[in-house]
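Residue numbers (numbering that gives the first Met the number 0), protein chains in the order written: chain A, 0 to 151; chain B, 0 to 157.
Each hint should be verified, as a subset may be incorrect.
[Unchecked claim] Some chain A residues close to chain B (C-beta under 8 Å, calculated; not the full set):
{"id": "1", "residue": "E88"}
{"id": "2", "residue": "L92"}
{"id": "3", "residue": "D123"}
{"id": "4", "residue": "F129"}
{"id": "5", "residue": "A137"}
{"id": "6", "residue": "Q138"}
{"id": "7", "residue": "M143"}
{"id": "8", "residue": "N144"}
Note that these hints are calculated values from the structure, not bench results. Yeah, the Cβ is synthetic: ideal placement off N, Cα and C, and Gly gets one too.
Residue-level listing of the chains:
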Amino acid sequence: MGKVSEKDKQLLLLKSTTFFKSFSDADCETLLQFSRIEKYSKGRYIIRENSFGDSFYVILKGQVEVVKESKQHGTIKLVSLSNGMCFGEMAVLLKEARTASIRAEDDTFIFEIRLADMQKVDPDVGEKLFYQFAVTLAQRLEFMNTQRVKGE
Amino acid sequence: MGTEGGPGNRPLTNLERWFILLRRSEFFADFTDHDIAAIIKHGTFHLLKPFTRVVREGAEEHSFFIILDGRANVMKADAHGKQQQLATIQAGECFGEMALLLGRRRAASVLTEVETHVFEMGMSGLKELDTPLRNRFYYAFAVTLARRLKEMSTKKAG
Chain A
0 MGKVSEKDKQ
10 LLLLKSTTFF
20 KSFSDADCET
30 LLQFSRIEKY
40 SKGRYIIREN
50 SFGDSFYVIL
60 KGQVEVVKES
70 KQHGTIKLVS
80 LSNGMCFGEM
90 AVLLKEARTA
100 SIRAEDDTFI
110 FEIRLADMQK
120 VDPDVGEKLF
130 YQFAVTLAQR
140 LEFMNTQRVK
150 GE
Chain B
0 MGTEGGPGNR
10 PLTNLERWFI
20 LLRRSEFFAD
30 FTDHDIAAII
40 KHGTFHLLKP
50 FTRVVREGAE
60 EHSFFIILDG
70 RANVMKADAH
80 GKQQQLATIQ
90 AGECFGEMAL
100 LLGRRRAASV
110 LTEVETHVFE
120 MGMSGLKELD
130 TPLRNRFYYA
140 FAVTLARRLK
150 EMSTKKAG
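Given only the sequences and the hints, what does the whole structure look like? Please build it.
Next comes the structure, spelled out in structure tokens:
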């Protein structure tokens, strides 16, 4: 039996993630030319609080924790994020420093793409990516609006 | 709407006025003049009297709007059916993009407070734009939503 190539493994990871459900095999292949997939072992930082960056991230497999540093309480965990969820987009869109650190809780596979590369990729593939990020933020805002109404 | 005149001080045409208003709005800050000219062809401009309902809470419609001139209030019915004002939308700001992106019913009503110029675009209009321009729209939506999320998080923490 032949070995599965690294590229095939990456394609499988992308296609098994809900974030990329509207992407065809050809779309995923195109996307991989402008992005990278990296494995982060448990405890390793993907993003550091207060750093500046121009990348968006999607969790393909595994789990990460969002943490903040506090002088009084040390490192505080805010929330866990898992398969299909994205992070890093707020700092890129608002052109601000990262407001928290992101650390792998398990061995985790992360898809990363720079904003400049999203603009270079084939426009039809780029459209799916830009649309999916916009929809993700809209869903998040809708959820927060619902929580706010429940709390009132 | 502005006192600029056209060449030779002739009155501005409607197209020129709309171009200037769209050009000024924060939503289109990263769009080129060429983009704005293309967008004008695929949207609709409305001049609305004060207290005109632009969108109705619960309606199944999905266009998004930009206030070009004037202002409007976001209203929502409370548990007793009484209308409560949630926010004011100023010139240059947009609304309705959640319904467009998520295909939901309108979460609130929007009523003009004064005479207001509004630009409206639906998904069909967006689909008529070329793909790179449509991508700039999605990016602009994402920036708008990110700002709102940050505002909401800040209020919650405060």
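Hint validation: Q138 of chain A versus chain B, beta carbon distance must be below 8 Å. Holds or violated?
holds (7 Å)
Have a go at the F129 of chain A hint: is there a Cβ in chain B nearer than 8 Å to its own Cβ?
Holds. Min distance 4 Å.
For the restraint on A137 of chain A, tell me whether the closest CB of chain B is nearer than 8 Å.
Given a least distance of 4 Å, the restraint on A137 of chain A holds.
Classify the hint on M143 of chain A as holds or violated, based on whether any CB of chain B lies nearer than 8 Å to its CB.
holds (5 Å)
N144 of chain A as chain B interface residue, shortest Cβ-Cβ below 8 Å
holds (7 Å)
Holds or violated: L92 of chain A as interface residue toward chain B, Cβ cutoff 8 Å?
Check passed: Cβ of L92 of chain A comes within 4 Å of chain B, closer than 8 Å.
Hint check, D123 of chain A versus chain B [nearest Cβ-Cβ separation less than 8 Å]
holds (6 Å)
Are E88 of chain A and chain B close enough, Cβ to Cβ, to be under 8 Å, as the hint says?
Nearest chain B Cβ about 7 Å off; hint holds.
In terms of the numbered hints stated before, the structure departs from none.
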